[in-house]
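The listed protein sequences derive, respectively, from chains W and C. The first sequence begins at 295 in my numbering and counts up by one. The second sequence begins at 1398 in my numbering and counts up by one.
Do not rely on the hints blindly, as some may be mistaken.
Just some of the chain C residues that point at chain W, by a computed CB distance under 8 Å [to be verified]:
1) W1637
2) F1856
3) L1859
Calculated from the model, a selection of chain W residues having no Cβ within reach of chain C, i.e. all distances over 12 Å [unchecked claim]:
4) I300
5) E314
6) T316
7) S317
8) A330
9) I333
10) E342
11) I346
12) G350
13) T358
14) H361
Treat the hints as calculated values from the structure; they're not laboratory data. Beta carbons: idealized from backbone N, C-alpha and C, even for Gly.
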Amino acid sequence: MPDHEISLRLHGHLVRYGGEKTSAFPVPIGSAETLAELIRRFKIPPAEISMIVINGQLTPRMDTPLHPDDEVRIFGLVGGG
Amino acid sequence: MAFGYNGKILHVDLKNSTQSVEEPPEIFYRRYFGGRAFVAYYLLNKIKPGVDPLGPENVLVFASSVLGGAPAHGLCRFSVGAKSPLTGGFGESEAGGYWGPELKFAGFDAIVITGKSPRPVYLWVHDGTAEIRDASGFWGMTTGEAQDAIQEELGDSKIRVALIGPAGENQVPFANIANDLSHITGRTGMGAVMGSKHLKAIACRGTKKLEIKDPEAVSKVAQRVSRDRKENPMSYGLHWMGTPAAVLHFNHLGTLPTRNFREGTFAGAEKISGERMVETILKKREGCYACAIQCKRCVAVESERFTVDPRYGGPEYEALAALGSNCGIDDLETIAKGNELANKLGLDVISMGNSISFVMDCNEQGLLPAGWVDGLDLRFGNAKVMLQLIEDTAYRRGLGRHLSKGVRAMARELGPAAEKLAVHTKGQEAPLHDGRGKAAVGLGYSLVEKGADHLVSGFDILYERRDHPGMLSVAPLGLLEPMGVLDMGPKKVRLFTYMSFLWSFYNCASVCNFAFIPRSITTLAELVELVKGVTGWETSLWELMKVGERAINMARAFNARDGFSRKDDTLPERFFEPLEGEGPLKGFQLDRRVFQEALDLYYAMMNWDTEKARPTRAKLIELDIDWVWEHIK
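Bound-form chain W, shown alone (with noise of 0.2 Å):
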């Protein structure tokens, strides 16, 4: 069982990851799960990333750890409008 959870929302395109919800959402994680690790889990093709921010922080690394209760939204491409 795992013993910790993040708060996790997908951005964009990428909700269709995630059930096509819009708003953040629970995700139970491992201990020192990474970041690349949560983004395989939801089967989201990297190059469909433009984005990750951890807690309010841009976040380019991969291989960051993730830790409990921290909020990471994973945005998509977007050209604007």
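Mind docking chain C on chain W? Use the hints.
Here is chain C on its own, set in the frame of chain W:
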């Protein structure tokens, strides 16, 4: 035999109530395609330099294209052009929807309108004929009321109507033209030119079947896109959240224009986001002729405060930022109401929002005379006053008398301190993209002949990463290396130049950038296949890019003839000052020297006279439009 186009251009003289049909040869269509290039062709040939944009000498062009109305996604757009009352230069705006294809089905590729009618009229175009009809009874109506009345008078609810609201009638220089109420030719004040000619509307209906050379080839591309559109992240994103997805994205990048472009992040972004729209007021997703992507929003509000009528569509990203963050307003329903009012009264929501944020900024800086303020609470964030100001602008009353001149004219009246707060180029208010955080967009604002325009080269974020679909999609142009969003160096200028040719072709050929690369799904190879399939011409990407380049040069020549030069290729002063507030780009500003070097390089790449910033004779000959030289030599 002509494939894809009718071979007929309708000319209407409103002064004498006469009309004629021009039948240009095939080479005319192949050289110019339609849209922007048709506009530039007729403006150069039919308008003398120095005419008043709101006078009877101005010429108004509605142009579909060789591809317009072909049975494939993203080929529905049309251009409206005239000398702009907002900029005094080349005016042009495009819209999607159904009107452009309907014009083709009615038997014409374009309409060229001259003169001014002595009384309000509308034009009824159907099955190869046109009729000038009395519109006195419709004058003063909102766009929705007038559309209903015209359809009722003509007895057909399937008639497509492009028309103006009270703002166009009152010649507000950023008045727009609506078709089907929610597809808007918003920019450069084309609605004011219609108003100045006493032309309320152009109604179209046709049953003509367009002859397509190779329907199977066209269908093959359309079916591929229809099949893959939900897999492709760009087209799926456009469908699911539309352009409003950009609100939170840009906020995190620090490029969400906030409080008149002072800041790049907005504390209320979440409340006006695409996500919030999906959760609350989104009623349905809509689209244009023959397009399965369905990127348009349709919203509805029924509250004690007001209702928002879904017939007028819903706010795009531009409206959310123009009436929202840039005015400090975080109330999504009120923004939706403002968007509805703008579409109903006939005002460009980008210029309208900028005019309001400008006076809010001036008010905060103590630059507004008491006579202007008129007792209003003009602080950033006042949603209620925003709605009032939109109505007052359309009817030119109260502070609206000033707002209805646009940002540049207001700033000139208020003096140098206010001019520093005026976010426009060539007199056109900037779209809601900060040129500081998107270098190619900044170049576009400066260089485009119609004034600040964001749809010129694609946004820098499309070309930031090697594996981005946008970057991958432009490889056939020889654009192979990614570059940073803030980079305004030589490689970015090269990318901007090439992409501006492609985008200009899109604007000549009814092509929607939300259906084609780099922003969406249809590839360059498929674009060429579509042109071949529709027309039967043995064409290439080279030939299509040259059409786009030709149109840019013609628009540039039109401006040059009216005295525009390098001095007009500017950027708002604000972009050379540090971004305030919080966010990743806090403190970032454009470098004047880098910007000027980019201009030098662009003019040289274009083979233009660097000092005058206009085409050389050699360039015009190379583009097979040496006749243009007579206008600018």
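A quick look at each hint next to the structure:
1. For C:W1637, the interface hint holds, the least distance from its beta-carbon to any beta-carbon of chain W being 6 Å, beneath 8 Å.
2. Interface restraint check: C:F1856 against chain W, minimum CB-CB distance 5 Å, threshold 8 Å, status holds.
3. A cut of 8 Å between beta carbons decides the hint on C:L1859: the least distance to chain W is about 6 Å, and the hint holds.
4. At roughly 18 Å, the least C-beta separation between W:I300 and chain C is larger than 12 Å, which holds for a residue marked as non-interface.
5. At roughly 8 Å, the least C-beta separation between W:E314 and chain C is not larger than 12 Å, which violates its mark as non-interface.
6. Non-interface status of W:T316 relative to chain C is broken: a Cβ of that chain comes within 12 Å, the nearest being about 4 Å off.
7. A beta-carbon of chain C comes within 12 Å of the beta-carbon of W:S317; the shortest separation is about 7 Å.
8. Consistency note on W:A330: stated as away from chain C, and its beta-carbon is indeed over 12 Å from all of that chain's, at 15 Å minimum.
9. A cut-off of 12 Å between C-beta atoms confirms that W:I333 is not in contact with chain C; the least separation is 14 Å.
10. The non-interface label for W:E342 is inconsistent with chain C: the shortest C-beta to C-beta separation is roughly 5 Å, within 12 Å.
11. The claim that W:I346 is not at the interface with chain C is violated, since a C-beta of that chain comes within 12 Å of its own (minimum 10 Å).
12. Distance check for W:G350 against chain C: the nearest CB is about 9 Å away, which does not clear 12 Å, and the non-interface claim fails.
13. With a least CB separation of 16 Å from chain C, W:T358 remains clear of the 12 Å interface cut-off, as annotated.
14. Here W:H361 stays apart from chain C, with its beta-carbon at least about 20 Å from theirs, past the 12 Å limit.
Hints 5, 6, 7, 10, 11, 12 from the earlier list are contradicted by this structure; the remaining hints agree with it.
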